[in-house]
Amino acid sequence: MTRVLEAIESAPRPVVAAVEGEVLGFGFALVLACDLAIATPAAVLGLPDVGRRTAATQELDLAPEVIGRGWTRHLALRGLRRLSGEEAHRLGLIVELHPQETLRPAAVALAREASRG
Amino acid sequence: MLHAMRGFVEEIAENDDVRALVLAGEGKGFCAGEDVRGFEFPDIETAERFLDGPLGLFTALELLPKPVCVAVHGFAFGFGSEVLLVADSVHAAPGTLFGFAEIDHGLVPSVLMTRGLDVVFRRRAVDLALTGRRFDAAEALALRLVHEVNDDPRTAAESAAREMSRWPAEPVALVQGTLGSRVVDDHARAREFMPEVLTQVAVAI
Numbered sequence: 181m182t183r184v185l186e187a188i189e190s191a192p193r194p195v196v197a198a199v200e201g202e203v204l205g206f207g208f209a210l211v212l213a214c215d216l217a218i219a220t221p222a223a224v225l226g227l228p229d230v231g232r233r234t235a236a237t238q239e240l241d242l243a244p245e246v247i248g249r250g251w252t253r254h255l256a257l258r259g260l261r262r263l264s265g266e267e268a269h270r271l272g273l274i275v276e277l278h279p280q281e282t283l284r285p286a287a288v289a290l291a292r293e294a295s296r297g
Numbered sequence: 004m005l006h007a008m009r010g011f012v013e014e015i016a017e018n019d020d021v022r023a024l025v026l027a028g029e030g031k032g033f034c035a036g037e038d039v040r041g042f043e044f045p046d047i048e049t050a051e052r053f054l055d056g057p058l059g060l061f062t063a064l065e066l067l068p069k070p071v072c073v074a075v076h077g078f079a080f081g082f083g084s085e086v087l088l089v090a091d092s093v094h095a096a097p098g099t100l101f102g103f104a105e106i107d108h109g110l111v112p113s114v115l116m117t118r119g120l121d122v123v124f125r126r127r128a129v130d131l132a133l134t135g136r137r138f139d140a141a142e143a144l145a146l147r148l149v150h151e152v153n154d155d156p157r158t159a160a161e162s163a164a165r166e167m168s169r170w171p172a173e174p175v176a177l178v179q180g181t182l183g184s185r186v187v188d189d190h191a192r193a194r195e196f197m198p199e200v201l202t203q204v205a206v207a208i
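Top to bottom, those sequences are chains A and B.
One point on numbering: in the numbering used here, the residue at position 47 of the first sequence is 227, and numbering is uninterrupted.
One point on numbering: in the numbering used here, the residue at position 121 of the second sequence is 124, and numbering is uninterrupted.
Treat the hints as calculated values from the structure; they're not laboratory data.
All residues carry an ideal CB built from backbone N, CA and C; glycine is no exception.
Be aware that one or more of the hints could be misleading.
Stated by the list, open to error - Partner residues are not named here, just some residues of chain B that face chain A (Cβ under 10 Å, in silico): (1) F53; (2) V129; (3) V149; (4) P171.
Starting from the given sequences, assemble the full structure and let the hints guide the process.
Written out as structure tokens, the structure reads:
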């Protein structure tokens with residue numbers, strides 16, 4: 181799984197995440213590893229791994245630079261806390277909000293814009 | 004008081020019966036900041052000894068392998084705002100006033116300028132440190148200093164602490180250890196610039 185994150189991070193092309201539904205744990209790490217991420221306002225994001233015996237560390241490495249160390253602590257230790265797409269937008273994890281019907285085309289448009297150079 | 008709090012935090016680190024910590028203030032506000040009356044640091048050594056108090060407490064809090072929740076009401080100035088930068092779940096009452104007010108006394112909010120940089124990010128940290136301006140709970144939330152605004156922050160912080168006390172100790176310690184990994188280096192930087200700041204302040208007051 182770490183190799184997936186590394187591949188995304190080192191990809192020579194922009195990688196855009198289109199987030200809807202529940203994005204938890206490793207899914208959260210995937211969103212962090214992408215260059216850009218957009219979501220529906222009702223998307224749900226969280227870090228529930230603390231409830232298990234082994235907590236994943238990829239999110240802890242990636243999240244502080246994106247949402248700050250304070251919110252990384254909060255999400256990783258609360259475990260049950262969920263961010264809506266709107267909250268994730270306010271925290272800077274999500275750069276644009278779109279309704280579900282137009283989420284995919286918006287992601288493609290953003291990727292196209294980001295790869296013009 | 005800082006030494007007493009540090010001793011308390013180090014004591015509960017060793018006590019398996021304590022699974023989480025809640026910090027709250029009694030009375031009109033959470034914390035008015037350090038009492039600067041009588042602040043006098045004739046030499047670097049005296050200033051360094053003084054710094055052991057706040058920096059020792061902040062180190063102990065961040066390295067505590069248990070969740071730390073804070074309930075804030077009324078006001079949280081200086082030290083009272085800085086402690087929020089290292090907490091895991093910060094709950095504030097709607098009318099709370101915040102401020103890194105150290106500059107009012109010619110001082111520097113050293114935790115904001117080290118550990119706070121990747122909590123509120125650099126531009127805002129410098130703005131808050133240089134102006135010392137007061138801000139409300141809504142702005143504290145937008146600044147990432149506060150995680151929730153609650154009408155009854157104490158009950159909310161206690162319930163967050165209870166919720167987190169159910170987690171196994173190992174992953175909690177792993178999260179705390181990973182996110183606190185630079186705390187000693189950061190405070191070493193504060194120990195480099197703060198003693199000189201403190202010796203100059205004694206003249207200004």
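Could you check the structure against the hints above and give me the numbers of any it violates, in ascending order? 1, 2
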